[in-house]
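Listed in order, the protein sequences are those of chains Z and A.
By the numbering used here, the letter at position 125 of the first sequence is numbered 125, and the numbering carries on one by one without gaps.
By the numbering used here, the letter at position 51 of the second sequence is numbered 51, and the numbering carries on one by one without gaps.
Honestly, I wouldn't trust all of these hints.
[What the hints assert, rightly or not] Result set (DSSO-like, lysine-lysine): computed pairs, CA atoms no more than 30 angstroms apart in a straight line:
1. A:23 - A:61
2. Z:290 - A:23
3. A:30 - A:61
4. Z:245 - A:61
5. Z:245 - A:23
No lab work stands behind these hints, which were simulated from the structure alone.
Quick caveat, the model's predicted, so the values are computed rather than measured.
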Amino acid sequence: MIYLDNAATSWPKPEGVADAMVRFLRDVGANPGRSGHALANAAERVRLDAREAVAALFNLSDPFRIIFTAGATTAINLVLHGLLTPGSHVVTTGIEHNAVMRPLRALEARGVSVTVVPGRPDGSLEVTSIERCLTPATRLIVVNHASNVCGTVLPVREIGALAQARGIPLLVDAAQTAGVWPIALGADRIDLLAFSGHKGLLGPTGTGGLAISESFDIDRLPPLIQGGTGSRSEQEVQPDFLPDKYEAGTPNIVGLAGLVASVRYVLDRGVEAIRRHDHDLAARLIAGLKGIAGVQVYGTGNAARQVAVVSFNIAGRTCAEVASSLEQDFGVLCRPGLHCAPVAHRTLGTLPGGTIRFAPGLFTTSDEIHRAVDAVRRVAGVESHG
Amino acid sequence: MVEFVVILFHSTSHAIAAERAAKRAGLDVKLVPTPRELSSDCGSALRIAAVDRAACEEALKAAHVPIDRSEPLTD
Numbered sequence: 001m002i003y004l005d006n007a008a009t010s011w012p013k014p015e016g017v018a019d020a021m022v023r024f025l026r027d028v029g030a031n032p033g034r035s036g037h038a039l040a041n042a043a044e045r046v047r048l049d050a051r052e053a054v055a056a057l058f059n060l061s062d063p064f065r066i067i068f069t070a071g072a073t074t075a076i077n078l079v080l081h082g083l084l085t086p087g088s089h090v091v092t093t094g095i096e097h098n099a100v101m102r103p104l105r106a107l108e109a110r111g112v113s114v115t116v117v118p119g120r121p122d123g124s125l126e127v128t129s130i131e132r133c134l135t136p137a138t139r140l141i142v143v144n145h146a147s148n149v150c151g152t153v154l155p156v157r158e159i160g161a162l163a164q165a166r167g168i169p170l171l172v173d174a175a176q177t178a179g180v181w182p183i184a185l186g187a188d189r190i191d192l193l194a195f196s197g198h199k200g201l202l203g204p205t206g207t208g209g210l211a212i213s214e215s216f217d218i219d220r221l222p223p224l225i226q227g228g229t230g231s232r233s234e235q236e237v238q239p240d241f242l243p244d245k246y247e248a249g250t251p252n253i254v255g256l257a258g259l260v261a262s263v264r265y266v267l268d269r270g271v272e273a274i275r276r277h278d279h280d281l282a283a284r285l286i287a288g289l290k291g292i293a294g295v296q297v298y299g300t301g302n303a304a305r306q307v308a309v310v311s312f313n314i315a316g317r318t319c320a321e322v323a324s325s326l327e328q329d330f331g332v333l334c335r336p337g338l339h340c341a342p343v344a345h346r347t348l349g350t351l352p353g354g355t356i357r358f359a360p361g362l363f364t365t366s367d368e369i370h371r372a373v374d375a376v377r378r379v380a381g382v383e384s385h386g
Numbered sequence: 001m002v003e004f005v006v007i008l009f010h011s012t013s014h015a016i017a018a019e020r021a022a023k024r025a026g027l028d029v030k031l032v033p034t035p036r037e038l039s040s041d042c043g044s045a046l047r048i049a050a051v052d053r054a055a056c057e058e059a060l061k062a063a064h065v066p067i068d069r070s071e072p073l074t075d
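Bound conformation, chain Z alone (with noise of 0.2 angstroms):
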């Protein structure tokens, strides 16, 4: 079996992550910030793990500007709705998810006016297209640091310069990216950055978050969501405070303890040793893939610039034959069709019908790429010749 699915949560994970979880389960167990027991503080100290280690990897020296949510949606969502009120202005891109794309269209219909910067039908975009959007009511930009239907990376650093100069906050999905690109919140001028824990970090599903960049004023972002946080327990209003004011309700304190471990592990791997690897399987998977006659191969097809998730149609043929046939006959698991992205599709020209999606990960080799294209090359008909 061939697990090309990375792109939705990746799989493997590290050796190491359902361990931790496990002992978690067994030997701590506790609520963490509910009391003052061993077990609430070691479950603390696990949290404080996670936040150090997320910190670490996104360059932040305050590890309280890590905020723990169920994953990049939650935060994302956090994000747009503190932010965008009726009469304000936000710009995004023609490659967002829909994690975005649904909570900026139910703002819009409570009168909040969204730009959409269509970009090249490869998705990328000039950082100029973005800047000729902005207007006096621009509350926010935000930005798909890399599509998860065609990989194409956006130049984050520019569009943050950019964001700065106009006093503009930026949140960036950095689902895609997170564990595989090279990420720091200073440098890249990045006032919010949403994470998934389960993708390129390599932990359990449920996990993700908020980066919030030291010189952004939480003041500005009011909570999603309120409740318990087991401080100022004798106030009915949420505490204004970081990391309470957005951690409201017990937290996966299971999952943050296998994030731990998987994060750990993607900083001992470090992160350039993990995106040679990355493009080199996204060179391979693009150069394989586009001598197959009949495959189109959407995005730039330089992988360079763009992350190891790439997208392809076998002409006349359906995704979903395509992808079964892939499983049934080769043993390749992928995913075809609409990618949660329509926005993104519509760029890419490749709607209704969608793309099949290939996401290798950090655990997939380079022969199993080469075994992958070969399965492409022979679903579509040609003979192989290697």
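Given chain Z's structure and the hints, the job is docking chain A onto it.
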């Protein structure tokens, strides 16, 4: 007799981070229940020798741990 102070926090996450930051700075600290005569948001406090108070507060500041306040510990 050694004199102690307790450092009070707004939340347990801060108290736990404070304990870690102080220990990393080589300070001898202990996480204790907040004395009942001192009102605080958080049930846990950090006990430290009075002579180490300034060094501890500095270590916490460097580690971005917000503190509520520090109080002398009386028997």
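Here is how each hint holds up against the structure:
no.: 1; hint: A:23 - A:61; result: holds (14 angstroms)
no.: 2; hint: Z:290 - A:23; result: violated (57 angstroms)
no.: 3; hint: A:30 - A:61; result: holds (18 angstroms)
no.: 4; hint: Z:245 - A:61; result: holds (20 angstroms)
no.: 5; hint: Z:245 - A:23; result: holds (27 angstroms)
The structure fails hint 2 only (numbered hints given earlier).
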